[in-house]
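Here the protein sequences line up with chains A and B, keeping their order.
Note that the first sequence ends on residue 233 in the numbering used here; no numbers are left out.
Note that the second sequence ends on residue 89 in the numbering used here; no numbers are left out.
Do not take every clue at face value.
[As the list claims (entries may be wrong)] DSBU-like mimics (lysine-lysine), calculated; alpha carbons at most 30 Å apart, straight line:
{"hint": "1", "chain 1": "A", "residue 1": "101", "chain 2": "A", "residue 2": "7"}
{"hint": "2", "chain 1": "B", "residue 1": "28", "chain 2": "A", "residue 2": "101"}
{"hint": "3", "chain 1": "B", "residue 1": "16", "chain 2": "A", "residue 2": "9"}
{"hint": "4", "chain 1": "A", "residue 1": "9", "chain 2": "A", "residue 2": "101"}
{"hint": "5", "chain 1": "A", "residue 1": "150", "chain 2": "B", "residue 2": "16"}
{"hint": "6", "chain 1": "B", "residue 1": "28", "chain 2": "A", "residue 2": "7"}
{"hint": "7", "chain 1": "A", "residue 1": "7", "chain 2": "A", "residue 2": "105"}
{"hint": "8", "chain 1": "A", "residue 1": "101", "chain 2": "A", "residue 2": "217"}
{"hint": "9", "chain 1": "B", "residue 1": "28", "chain 2": "B", "residue 2": "16"}
{"hint": "10", "chain 1": "A", "residue 1": "9", "chain 2": "B", "residue 2": "28"}
Treat the hints as calculated values from the structure; they're not laboratory data.
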Amino acid sequence: MIAIDLKRKVLNENDRVASELRTGFRDTGTLTLNFIGSPGAGKTAFLERTLQMLPEGVRAAVLTGDIQTDNDAIRLARYGFPVRQIATAGACHLDARMVQKHLRKWNIGEIDLLFIENVGNLVCPTSYDLGEDAKVVVLSVAEGEDKPLKYPAIFRKAELMILNKTDLLPYVPFRPELARECARRIRPGIEIVETSSLTGCGFERWLIWLDARIHMKRAAPGRRAAGVRSAAC
Amino acid sequence: MHEMGIASSILEAFQKELLLYPGYRAAKVGVLIGEFAGVDGESLRFCFEAIVMGSSMESLDLGIENGNGDELDVRRIEFEPVEREEVCA
Chain A
1 MIAIDLKRKV LNENDRVASE LRTGFRDTGT LTLNFIGSPG AGKTAFLERT
51 LQMLPEGVRA AVLTGDIQTD NDAIRLARYG FPVRQIATAG ACHLDARMVQ
101 KHLRKWNIGE IDLLFIENVG NLVCPTSYDL GEDAKVVVLS VAEGEDKPLK
151 YPAIFRKAEL MILNKTDLLP YVPFRPELAR ECARRIRPGI EIVETSSLTG
201 CGFERWLIWL DARIHMKRAA PGRRAAGVRS AAC
Chain B
1 MHEMGIASSI LEAFQKELLL YPGYRAAKVG VLIGEFAGVD GESLRFCFEA
51 IVMGSSMESL DLGIENGNGD ELDVRRIEFE PVEREEVCA
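Chain B on its own, in the form it takes in the complex (with noise of 0.2 Å):
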């Protein structure tokens, strides 16, 4: 079940986006998947959700875009700034 490693993958290229962001948040991770990408769009949200859940990242919801190649891309990464009382919570 790779699709569990893509999603380690996925979260990785976007938690280096996020550092560069100080005060914002995750918000949404876009992905391509093209159909020869041997990838399963279903399997990949379940793996992505369970890594996620119960983490600093449990807000970063996963949005999956069809292809028509072998494309595994992330296509868009999405921030929100942090609420002032968030912050000082």
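The shape of chain A in the complex, shown without the other chains (with noise of 0.2 Å):
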């Protein structure tokens, strides 16, 4: 009988791409954000409404997943930024080399913020590195408070929680203190934003985080800082 400890990742091989990825990105000063929610939190909505929202030159971009269909990157595109559909065809997940893949026909050093949007689950993704900066998880006032208890992983790694459709408040029994304070049972420092994809309501919060990470991935020298719109609550 040979036996050998290892301590070696089981998702070695998605690690190793996933650390491609982070050095390229590095490299271009690309910020890159993960979202993850459960499917209909409004993730492909919050997208649309961030990036009408974008202030002037910033270089945006969106790869979006789903185990079929070009739905979202249609509904994307409308915005004048370049989309890439990622159809996963059953795999529940986006994974490092499905968005390596994607990234080959586009020249990141001209892209300053890359959104991915990652397949409808709030627990599969977690486990996948895509070499992001951030994960950011979206949870929707029409889902339970008590999310982040059920779902603990994502809401552990997660540096933002998006408290998404709250102009639905009004007509739902949730209770955002709540759900702010199970995140916080979860992760002390997660920074949330509550917002409405429908009314904009939250997006300059959430449009004034996204401004500071930008610049603190580019830091570059001389670089302007891009101001941010305002929405009419």
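Assemble the dimeric complex from its two separately framed chains, guided by the hints.
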């Protein structure tokens, strides 16, 4: 009998590709955010509103993942930014190799901000590093406040929680303070922004967060800070 | 159901090591799954058994140890010598 202690990451091949992606994003100063949320949490609508409101001059691009169809890519492409659909044909998550493959046709050096919209799923995408700077979890008020407790892995890894669809609050028995408390029980330092993609409420705060992260990432001498447009609430 | 992909990755890691030990066959692979790894141990076992069934890896046993963080590691692999008559058969 031969026994060997390995201590090797199961997803080490994914992690290797993710590391290559991260190095590329670092070299080009591309801020990359990986959006994870349940189906119907409003990830695509959130990104649509974000693209609409991005400050002039921000060179954004979107990779959007779904099991089937290019419906989301068609929606997102209406705002004039490069968009590619990743159809996983059954896989419940994006992995680093899929991202790498779909980025090949773009010059990453011309992208300041890359949004990756993961497949709608709060569990599986959490395990796969895509080389991103941060994971962003999207939770809608049409879900349960205790989602962070039920699906702790993603709330533990996400730097930012978008509490979305706040325009529905008058019609649903959702307590935002309880959702915030549950999220902070899992990750005390998680930042939380409440938004409505329908009305644009909360997007000003989200765009300030985004603007700060873009500038942190690029930190290019002499680069002019882009302003943030206001949303009327 | 990403456990299927994870089961395949575990098997690939094991097979790479096995190639370095001619004359030995698969015995056991031990994995550590953290509480926040986003992987269900029973689903993983189901997928793993489905993958190895009927293959040369059928004798491979999957051992699962639970961790507290987001670990998802292959921790230990075990091979056993192939009996001479099996080699000659």
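We went through each hint and held it up to the structure:
1. Restraint check for residue 101 of chain A and residue 7 of chain A: satisfied, since their Cα atoms lie roughly 29 Å apart, inside the 30 Å limit.
2. Between the alpha carbons of residue 28 of chain B and residue 101 of chain A the distance comes to roughly 35 Å, so the proposed pair goes past 30 Å and is violated.
3. A C-alpha spacing of about 14 Å is found between residue 16 of chain B and residue 9 of chain A, which places the hinted pair at or below 30 Å, so the restraint holds.
4. Simply put, residue 9 of chain A and residue 101 of chain A have alpha-carbon atoms about 23 Å apart, close enough for the 30 Å limit, and the pair holds.
5. Of the pairs offered as hints, the one joining residue 150 of chain A and residue 16 of chain B is violated, with about 36 Å between alpha carbons and a cut-off of 30 Å exceeded.
6. Only pairs whose Cα atoms come within 30 Å are accepted, and residue 28 of chain B paired with residue 7 of chain A is accepted, the gap being roughly 15 Å.
7. Of the pairs offered as hints, the one joining residue 7 of chain A and residue 105 of chain A is violated, with about 36 Å between alpha carbons and a cut-off of 30 Å exceeded.
8. The hinted pair formed by residue 101 of chain A and residue 217 of chain A meets the criterion: a straight-line CA distance of about 23 Å does not exceed 30 Å.
9. The suggested pairing of residue 28 of chain B with residue 16 of chain B holds, with an alpha-carbon distance near 14 Å, which does not exceed 30 Å.
10. This hinted pair checks out: residue 9 of chain A and residue 28 of chain B have alpha carbons roughly 17 Å apart, not beyond 30 Å.
When the structure is compared with the earlier hints, violations turn up for hints 2, 5 and 7 and for no others.
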